[in-house]
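Chains A and B, in that order, give the protein sequences. By the count of my numbering, the first sequence reaches residue 686 at its end, each step adding exactly one. By the count of my numbering, the second sequence reaches residue 686 at its end, each step adding exactly one.
Treat the hints with care, as some may be off.
As the list claims (entries may be wrong) - Cβ-Cβ distance ranges computed for the label pairs, FRET-style: (1) A:Q275 to B:P74: 27 to 35 Å; (2) A:Q82 to B:F115: 51 to 59 Å; (3) A:F270 to B:F115: 51 to 59 Å; (4) B:P356 to A:L81: 52 to 60 Å; (5) B:F115 to A:D264: 50 to 58 Å; (6) A:D477 to B:G510: 40 to 48 Å.
Honestly, the hints are just simulated from the structure, not real lab data. Glycine is no exception: its CB is placed at the ideal position from the N, C-alpha and C atoms.
Each chain, letter by letter, is given below.
Protein chains: 2
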Amino acid sequence: MGTVDNNVYPTMENEEYKSRVAVPPPQPFFKSLQASLKETFFPDDPLRQFKNQPKSRKFILGLQYFFPFFVWAPNYRLDLLKSDLIAGITTASLAIPQGINSTFVPPLVYAMMGTSKDVAVGNIAVGSLLTGAMLSNAVSPSENATLFLHLAFTATLVAGIFEATLGLLRLGFIVDFLSHATIVGFMGGAATVVCLQQLKGILGLTHFTQATDLIDVMHSVFSQEHQWKWESAVLGCGFLFFLLTTKYLGKKKPILFWMSVMSPLVSIILGSVLVYLTHAEKHGVQVIGALKKGINPPSFEDFVFNSPYLGVAIKTGIVTGIIAMAEGMAVARSFAMFKNYNIDGNKEMVAFGVMNIIGSCTSCYLTSGPFSRSAVNYNAGCKTAASNIVMSMAVMITLLFLTPLFYYTPLVVLSSIIISAMLGLVDYDAVIHLWKSDKFDFVVCMTAYIGVVFGSVEIGLGAAISLSILRVLLFVARPRTTVLGNVPNSLCYRSVDQYPGAQTVPGILILEIGGPIYFANSTYLRERISRWIDEEEERLKASGEAKLHYVILDMRAVTCIDTSGIGMFDEVKKVIDRRELQLVLANPGGEVMKKLDRADFLNNLGLEWVHLTVGEAVGACRYMLHTYKPKSTADSNV
Amino acid sequence: MGTVDNNVYPTMENEEYKSRVAVPPPQPFFKSLQASLKETFFPDDPLRQFKNQPKSRKFILGLQYFFPFFVWAPNYRLDLLKSDLIAGITTASLAIPQGINSTFVPPLVYAMMGTSKDVAVGNIAVGSLLTGAMLSNAVSPSENATLFLHLAFTATLVAGIFEATLGLLRLGFIVDFLSHATIVGFMGGAATVVCLQQLKGILGLTHFTQATDLIDVMHSVFSQEHQWKWESAVLGCGFLFFLLTTKYLGKKKPILFWMSVMSPLVSIILGSVLVYLTHAEKHGVQVIGALKKGINPPSFEDFVFNSPYLGVAIKTGIVTGIIAMAEGMAVARSFAMFKNYNIDGNKEMVAFGVMNIIGSCTSCYLTSGPFSRSAVNYNAGCKTAASNIVMSMAVMITLLFLTPLFYYTPLVVLSSIIISAMLGLVDYDAVIHLWKSDKFDFVVCMTAYIGVVFGSVEIGLGAAISLSILRVLLFVARPRTTVLGNVPNSLCYRSVDQYPGAQTVPGILILEIGGPIYFANSTYLRERISRWIDEEEERLKASGEAKLHYVILDMRAVTCIDTSGIGMFDEVKKVIDRRELQLVLANPGGEVMKKLDRADFLNNLGLEWVHLTVGEAVGACRYMLHTYKPKSTADSNV
């Protein structure tokens, strides 16, 4: 880090360099408020496409905006249908023994309104558990089963209205707070947890914990060692081997891709036939068994709106609604990142909401996008939300006509399918990449993973998001300040850390402030600038170099400032004046200039000390240094 | 916004401009971790002053660090003592009828360790109320008064340990989140609330609400109209007039300053004599009356550490400790801002903590810096923390010898003193200044005010801080993007909003990204950049100008980036490539270069498209435009 002495800078011989930095023209308050509200809540500018369009076109565009179905449906082709058909039937066969109640109407709604191509709609475990727990505080499910059921529908209605409202209020940008690192950790953790839970099916256990964390699940598995069914385990491992082999082959040779996609369905058929022939259901292999026929009746006359119960229903609806939606949107965003497309948070919120509103009118409990079902859907090669329609139709046809067909389907095959779908979702490469490129993101990722595996999905997501937000707050609370030097053979001044060859200028300290100046950092910045000056003066004293006369603050990265920040400048100026130095501002942006001007700081500092670039500021300082005696030198000569 | 066509830019004729932007030299992980931890938790670099000092000096410096008393005590002068003496006696006479229990030991501790010059130590109302409410869940104060008392000491001990620990963990930077706007609103609100509460004393009421909000207080006042004592009100208004007059005179003529400072003490003496002579205590004027003699006994043997009660004590201690400390630090910071000096959040936390630890061993309840007492202290002209020592001594002497002297002191005079101290603290000018300079800060200020007046101190502070943090998150979630143009007669490119004369360059769109690129904004930025390109292409089409060929991103304000941000660049490049445009980066900083390099984005983009300044980037683009046919032009010619 040497010093430069060649005189290539513009000088102050002409007055041109005085007050060259513009204060932006004033804007009416409401215009700027409107602009910033628009950028915050309507960054996609949804109305732009409607401009200068005939009425009929506007109608179609509006329809497409609220129902993304009409965007992709017109271009729907046969090969997409083939993929969606297989994926839909696969998820349907998975859904049949799980939560068949809510797998008819909601998926149809989501297919019309959702923006994710991979979410498969269904109940999520935590939602059902929490609804049950919260409602049973008010009504006993055993003593008053009908009222309990009706309360559950009412809570679902409330959840739907709440979710849709959040979307209509344009709060969808909340999904942006699920960072890439959070998603990688969440997916890995959720895949681990779901795999562990399949041990129930693989080992043929009938009792199992409802908790999802590693410790409870392991305890549940190993406390029932004598209940393990080896027949079930053998069958499960056999199918898992088959599924993984076809998957591997499908990956290796694209021509064999159909094998990996078809294998889950083939497994179900093969498994059912096998059990039917060997009567394995009598030797420890659990089967789906008899299913209740018929589809959901309407339930819009069942809502409970009278006084003692409405409060509970509203509370339950809001709490479970927000948790279910958070999981669903995390799943949607995860697979979107995996496949490199984007979901629209606002539309997702509205889709989840409407799906629950209509669902609650047709005897459905709270639905969302469960992780395991969506993963199987993705794994079975789904291409669009049409797979939800196929799933819904397949479930309906089964419920009406085909329930006997599934009598012999072994549960263990379904577990194998879920495990094989999970194994691709633990993204080791992404974790290694995070470690290499950003340590903090790695910590966020591991927090999400450990939180999901040892706690729950909500704990994992909550901790990772809090950590991510903390990072943002820390960035603002502790903006970087760096010393700048002249990059050789240029007029540029850049960080001496980045350009070890950059040369400082004698008598001038150039500091860059690396972020907005807010209440959260104004105290820190004032102290830090003082410390930089201290350190520079000590260094100069120790090396016997020329004294410090000017402190230039490079403001190029200061895009925002509040009143505390403006107060900071007053204080920094006082500190610098007291040390008999001169403060110089370079590169101030529009907002900074506007606010410094309003606070009368610019006149106080003197417009001749505000420059367009660091180069010009240095030029002016050097000119002053050579022409006039700076005040501190003059003083010391007395 | 015209276009510029003069050829003053550096060209690419020599290869000099290729890959001129440096990737900073790699740093060992632990070194950079250590540096960033230091900047976060030790921004004041407390160890620096110890460097190269002899051992004895190090000892003194250490003592001064932990006990700021030793910094100011050696320079303590007689005129400071005069001010502190008056302020201390004034606050003591205020303290005597209030909470005499805790006004002996804690102020001494604070005077040694605190960094505020204005805080007067005492119990705060909300702390006492909350402690009582929480402990009475476990022990009945009427049935088991001794145990209840001992539990209160234990809770105070826990609160002290908790507060000191937060300080030792260097979490003092939390005070930085109390912005200037929050403080202005908080002080105004607290002054309003305290004034309203003095209506009790002025009107001579005996029963009064314990709530502090406007509605409850007003209800309490107007529901007891028949209890109002006119004698008390006349006396109160008379003294208030006297106090305000002397204050006004003291402000107008500096020579009369002693009058405004002495007037509270004079009022107390005058009031007492008046009551003694007229026996007004028998005609509706409440007096302090008989006080219990003697000072606090030690209580360190009274702590309750056994099982059923320890849990309650810990919970109570932590909750009340954090609330009391929040109020005390808000008060300390408020008066520091008023007088333009600084407090050290870490030292304040430790001081409050140690004060409560030692206090709990001497029969004191939870103490902090109550607003009303500190305001009277400030108003009586205190200069240093020595006023706390004076207060403590005055209280002790009174307790031992002088209790009869205060028998006739009318409570209404104390109310008048508090009201007159409050009236200077509602800072209308600051509110008007906030409205003029920053509308958002104005909203924060009003939120704090309304929250304190209609809710409580905690609600007001909490809401204002949340709003301030929301603003920071919004800044990060929605960074500004602006179009740059060439500032006439310079090589600089600046925002066309700030410089209406700046000229855009044909075929090139220059965008500045106004903040760090994080997970919270990477989706937004990608969409926003696409929209800028859309709008620019539409504009060019409409005006028949030359087609767009290059998109230059000015990265000078992008000081931080995470993995989501790097992913954003990949996506933006794809979008721009698909539109047959070329992406060019200008001005990338050290961290951005490092991470883009690690993610292999730089090689993917081509180092020749990364430039040190926007000017060089424009030069390179123009050279390419004139020399080679850009791909989109070439394609359209085919």
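Quick rundown of the hints versus the structure:
no., hint, verdict
1, A:Q275 to B:P74: 27 to 35 Å, "violated (56 Å)"
2, A:Q82 to B:F115: 51 to 59 Å, "holds (55 Å)"
3, A:F270 to B:F115: 51 to 59 Å, "holds (58 Å)"
4, B:P356 to A:L81: 52 to 60 Å, "holds (57 Å)"
5, B:F115 to A:D264: 50 to 58 Å, "holds (52 Å)"
6, A:D477 to B:G510: 40 to 48 Å, "holds (43 Å)"
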